[in-house]
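Throw the hints in and build the complete structure from the sequences for me.
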Amino acid sequence: MSKASIALNRFGLGARGDQPVPADPVGWLTGQFARYDPHPDAIAGAATSAAVSAELADYFRQQRALRAQQGGRRAMPPAGAAAVAPMPGAAPAGLEMGAQAVQPPGMTPPIMAAPAKPPRDDAMKQARQFAARAGREDYAGAVGARATQALITDTPFVERLVHFWANHFAVSADKLQVVGLAGTLEFEAIRPHVLGSFHDMLMAVEQHPAMLLYLDQAVSVGPNSPLGQRIAARAAVNGGRKVGLNENLAREILELHTLGVRTGYSQTDVTEFARAMTGWTVAGIGQGPGARAAGTDGLPGDFVFAAPLHEPGDRVVMGKTYPAGGVEQASAVLADVAVSPATATHIATKLARHFAGDTPPPAMVARLQAAFVKSGGDLPTVYRALIASPEAWVEQPLKFKTPWEWTISSMRALNVKTADPQAMVGLLNQLGQPIWKPGQPVGYDDIAGSWAGPDAVLRRVEAAERFASRAAATDARALAPKILPGAVSPGTTTALANCESPAQALALLLVAPEFMRR
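Residue 1 is where the sequence shown starts when you use the working numbering, and the numbers rise one by one after that.
No lab work stands behind these hints, which were simulated from the structure alone.
Computed from a predicted model, the values in this text were never measured in an experiment.
Heads up, a few of these hints could be off.
Taking lysine-lysine and the BS3-like style, the derived pairs with C-alpha atoms no more than 30 Å apart in a straight line are [as the list claims (entries may be wrong)]:
hint: 1; residue 1: LYS3; residue 2: LYS417
hint: 2; residue 1: LYS417; residue 2: LYS320
hint: 3; residue 1: LYS242; residue 2: LYS125
hint: 4; residue 1: LYS399; residue 2: LYS374
hint: 5; residue 1: LYS350; residue 2: LYS374
hint: 6; residue 1: LYS350; residue 2: LYS399
hint: 7; residue 1: LYS3; residue 2: LYS482
hint: 8; residue 1: LYS399; residue 2: LYS417
hint: 9; residue 1: LYS399; residue 2: LYS482
hint: 10; residue 1: LYS374; residue 2: LYS3
hint: 11; residue 1: LYS374; residue 2: LYS320
hint: 12; residue 1: LYS320; residue 2: LYS350
hint: 13; residue 1: LYS125; residue 2: LYS175
hint: 14; residue 1: LYS242; residue 2: LYS350
hint: 15; residue 1: LYS320; residue 2: LYS3
hint: 16; residue 1: LYS175; residue 2: LYS350
hint: 17; residue 1: LYS3; residue 2: LYS350
If you want it as structure tokens, here you go:
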């Protein structure tokens, strides 16, 4: 690979066939810092957290109203709830399959009407269907916006870094409350801070509704908080539902977002940090007993600190005492872990793995770690150290492209400038990497073993054939040196020349070894 090809494909998102090859690859990369737009038109048209949260707030209001009627046989759904249209293909409202009555021999069983659902249950089902449909529409729109921006951006290195951080701070849109918010976390918490400080990005992510809902922070209640004590007293008398501390977010912050696994913190530190974070919640769309405590302090989706949920007292995390307080207590913990040397090593290792191979080069990790520590987590300083690392510029391909990377680089190569939202959702599902749906907080793997299996490669071949059929007039032999300057092997050149049709040659180019890797 030439330096130009490395800059375009390993650092960037793949060359566009209609753009010139950079004459100064290093300058082309560093120059993107000044040109990057955190709020481009393609992203500006997507649904915001405020809009998605307003939809969710309506859904939760309907659910609470319907639950309040449970126990009354003649209870009717609130106005508007029963008017929500069912999902396409859903069973008729109020009907469900019932058991067939046993009839005497020789008699034709009568047509039995299925038992009607209580109006309350039917309305709740329709409300859930509406919320799911709205979430899926918001999700698809965000996927389309992300893909379109990746196709047309003139700062593809910074755009790749946005995707890197979105996977580092992973949420999964499989959860109803998160499906419409997963994209907004990337757009609102990561894009504005990708060229700022790690601390600022960390704070924005941990206070975003997608993260607070995904990792159940919105339902965490301090056992000795005012609300926790009232609920415990009520449960002792009436045997009602108990609530308590939820450690999910605190654990993942330490294990995945900052310090990394096995870096000196204990389970006690996780619990203490979780206690410090009680009260961090979401206005309007939270669930559980703390929802009302947070619901009056902001618009739906806003980060709020609900004091009635906060566990009182000082907290000791990794040997340091954090005095009793409100939102500042957990913020102080985050400020410390954001600049920890362990965090620097964790981030440096992941960046080195992403840009220099599945086994991160130790010298490069040390270089990036030092840049992070010395700058206090200034991300452009770390990126410049990344660009300056010789390990990232070796000529042989270092990484097997993920499905997302391969899809975007294929479409960029073919000069595609817009992405159909539903088509992108379907394609990435087919290729095995649905956007913002890793299924676990650790995000998608960043190693070849997760993406290079025979079945996965076959799915790319099939997708490449579809791409080629829509761009059959493209001359693959002329395109190859433009998108892979100095990187096309003699074997691939010969194979392209021997293809029976332009479409066949183009499909072959998109699955050639030098295109599948970066």
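Results of checking the hints against the structure:
1. LYS3 with LYS417: holds, 25 Å
2. LYS417 with LYS320: violated, 52 Å
3. LYS242 with LYS125: holds, 26 Å
4. LYS399 with LYS374: Holds, at roughly 29 Å.
5. LYS350 with LYS374: holds, 18 Å
6. LYS350 with LYS399: holds, 13 Å
7. LYS3 with LYS482: Within the cut-off at roughly 13 Å; holds.
8. LYS399 with LYS417: Status holds; Cα separation ~25 Å.
9. LYS399 with LYS482: Holds, because 20 Å separates the two Cα atoms, which is no more than 30 Å.
10. LYS374 with LYS3: holds, 29 Å
11. LYS374 with LYS320: Judged against 30 Å, a Cα distance of about 22 Å means the pair holds.
12. LYS320 with LYS350: Roughly 27 Å separates the two Cα atoms, so the pair holds.
13. LYS125 with LYS175: Satisfied, since the Cα-Cα distance of roughly 17 Å is no more than 30 Å.
14. LYS242 with LYS350: violated, 40 Å
15. LYS320 with LYS3: violated, 47 Å
16. LYS175 with LYS350: holds, 26 Å
17. LYS3 with LYS350: holds, 22 Å
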